[in-house]
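Position 52 of the first sequence, counted from 1, bears residue number 114 in this note's numbering, the numbering being contiguous throughout.
Some clues are possibly wrong.
[Stated by the list, open to error] Distance condition first, Cα-Cα at most 30 Å in a straight line; then the derived DSS-like pairs of lysine-lysine:
1) Lys-475 to Lys-337
2) Lys-547 to Lys-466
3) Lys-417 to Lys-139
4) Lys-337 to Lys-417
5) Lys-492 to Lys-337
6) Lys-218 to Lys-271
7) Lys-467 to Lys-384
8) Lys-492 to Lys-417
9) Lys-337 to Lys-182
10) Lys-618 to Lys-467
11) Lys-520 to Lys-618
12) Lys-242 to Lys-271
13) Lys-92 to Lys-161
14) Lys-185 to Lys-271
15) Lys-475 to Lys-520
16) Lys-547 to Lys-475
17) Lys-218 to Lys-161
18) Lys-547 to Lys-520
19) Lys-182 to Lys-242
20) Lys-218 to Lys-242
[Stated by the list, open to error] Pair ranges (Cβ atoms, derived):
21) Arg-603 to Glu-452: 14 to 24 Å
22) Asp-549 to Asp-190: 17 to 27 Å
23) Gly-246 to Asp-598: 30 to 40 Å
Keep in mind that the hints were calculated from the coordinates and are not lab data. Cβ atoms here follow ideal geometry from the backbone N, Cα and C, with glycine treated the same way.
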Amino acid sequence: MRAADTATREPGHDFIRDIVQDDLASGRHKTVVTRFPPEPNGYLHIGHAKSICLNFGIAREFGGRCHLRFDDTNPTKEEQEYIDAIERDVRWLGFDWGKHLYHASDYFETLYGWAEHLIKAGKAYVDDQSQEEMRANRGTLIEPGRNSPFRDRSVKANLDLFRRMRAGEFPNGARVLRAKIDMGSGNINMRDPVLYRILHASHPRTGDKWCVYPSYDFAHGQSDAIEHITHSICTLEFEDHRPLYDWFIENLPVPSRPRQYEFARLNMTYTVLSKRVLTLLVRDGHVSGWDDPRMPTIAGLRRRGVPPAAIRDFVRRVGVAKANSTVDYGMFEFSVREALNRTARRRMAVLRPLKVVIENYPEGQVEELEAVNNPEDESAGTREIRFSRELWIERDDFMENPPKKFFRLSPQKEVRLRYAYFLTCREAIKNAAGEVVELRCTYDPATRGGNAPPDGRKVQATLHWVSAADAVDAEVRLYDQLFAKPDPDAANFAADLNPNSLEVLAGCKLEPALVAGNSSDPVQFERQGYFCPDRDSTPGRPVFNRTVGLRDTWAKVSAR
RNA sequence: UGGGGGAUAGUUCAACGGCAGAACAGCGGACUCUGACUCCGUUAAUCUAGGUUCGAAUCCUAGUCCCCCAGCCA
């Protein structure tokens, strides 16, 4: 596991870490053992990252270990692709399960034996009711259920039927194995929950060996016990499964007694973290795939250029508690910018180009000017950038009739070209439609390198630019929120999709250093944001993704 | 009308009977060859009503509001 990136900060504690600490201090446990238990039926998202950081983080902080365990009890929904993606994403986030990679399916034989154990103890029975009958007899939230007519079968009959279920004698849905607990319980999970169902389906790991599969409830706690998990940490919706979790631990000859603790799952504004919805977004083509840079999946964030350290930092800031909450997306962006600011090389790129011709700059002359790679990191060094008579600047950096607070270029106004010269706009040339298509400007040779001239003249703005003769054309993809509303409706998510979540810019002008070396590292386009090369790039056509924009005070001021 | 949880600045999280604090967001300023970064300042909260106590966010009582549970999903 990688060293804490937050070493200089408070260690950070929460009610779960408090419990772990107490259990260690009191001697209840010698070491802490946690687990991250994904079901391989989709890709991991930022909500899972919270659980991953919690479980692996606790193991690291308290000198214990954390298992990666696939909760693969439903072969009708699970696929090898997801298994591979999950392993890749957990590793990428910076965590390592060592040799502790497990699957609930590793325990199918043991689990099956424990089911027979329950039958022999008179605590489980085979139920022949149809799904509809079971539902009808389960009662409601306020009315108790009714016992199944098959509830009092003999142990012998139950054993025989259950073994024939396993042998494949019955079709899907014909019978289930149920625990005999209490159909009158106020907790619906205790109303004779299903332990095994018949599923004639091929499993990614066990193939066709089984046609009965344990339910989540019958597999999870027992898997924890087999692995000697000390603290089984899950989300709030499993809180009322805990009595059932404990019931199995108490009624089965399990090798250890894990305990379950629940915390509130992560929610973010403008974001849906529901595997069902994410799956539909992919399936119905609303996004290009699980790793579409607009997706809140780990794979999407990675392609977007978000560093794993930013995700860890975000999760740490959000904290762990039991109250349902929705985190402001801005808090995530803050963590992303903070991580990138320290590490990203600075480069210049013009996204929406406007031609500048410097009338007093000699035709054919080219100069090499020195530029800093990262002001936050001197060891990143410097690079040379070429300057010439014709340049590209950002369209947004020129206004013919600027408002009062506009510091950038306008007719007769002087600005600095970053690392180059002071530049004054002399004339804006328009096309027939009245659009500005070119700026005629002059420069001051006394300001070489961007330094203030001897007369002490100052300038209000510094613009980025790219030499036209040297610029590399590129495609740049700008992303906005996938959803237009801060609280999208998961039940009808398509209606809340942001139609402008992707903006593709062609003909962007890059400084050549951006395509030299073929690096996949994140970069800052100065004054604009953090970007990273996309895997769609080809040698002739680089493609960049905007990870996140820079904080933009001007945009806020100009909007008022 | 059942069972299980939860309510502290706009947001997220602390405070574990003893001065309600942080981060993000906001606002104002300083600095600046990125309207970035950084720095400084600042606005802003204990769900309600009672009670116990020298003292209550914290303990007790009664309410209010919010979330989860009726898959052979996890």
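Hint consistency between Lys-547 and Lys-475 [alpha-carbon to alpha-carbon, up to 30 Å]: violated (41 Å)
Decide if the proposed pair is consistent with the structure: Lys-218 and Lys-271, CA atoms, cutoff 30 Å inclusive. Judged against 30 Å, a Cα distance of about 24 Å means the pair holds.
Decide if the proposed pair is consistent with the structure: Lys-337 and Lys-417, CA atoms, cutoff 30 Å inclusive. violated (47 Å)
For a C-alpha distance cap of 30 Å, please report whether Lys-417 and Lys-139 respect it. The hint is violated at about 55 Å.
Hinted pair Lys-242 and Lys-271, Cα distance within 30 Å: The given pair, whose Cα atoms are some 27 Å apart, holds under the 30 Å limit.
Can you confirm whether the C-alpha distance between Lys-520 and Lys-618 stays at or below 30 Å? holds (25 Å)
Holds or violated: Lys-467 with Lys-384, Cα cutoff 30 Å? Outside the cut-off at roughly 46 Å; violated.
Could you see if the CB distance from Asp-549 to Asp-190 stays within 17 to 27 Å? violated (45 Å)
Taking only the CA atoms, is the gap from Lys-92 to Lys-161 under or equal to 30 Å? Holds - the C-alpha atoms of Lys-161 and Lys-92 are around 20 Å apart, at most 30 Å.
Is Lys-492 within 30 Å of Lys-417, Cα to Cα? holds (12 Å)
Would you say the C-beta atoms of Arg-603 and Glu-452 sit inside 14 to 24 Å of each other? holds (22 Å)
Please verify whether Lys-547 and Lys-466 have alpha carbons no more than 30 Å apart. violated (33 Å)
The structure fails hints 1, 2, 3, 4, 5, 7, 9, 16, 17, 18, 22 and 23 (numbered hints given earlier, in ascending order).
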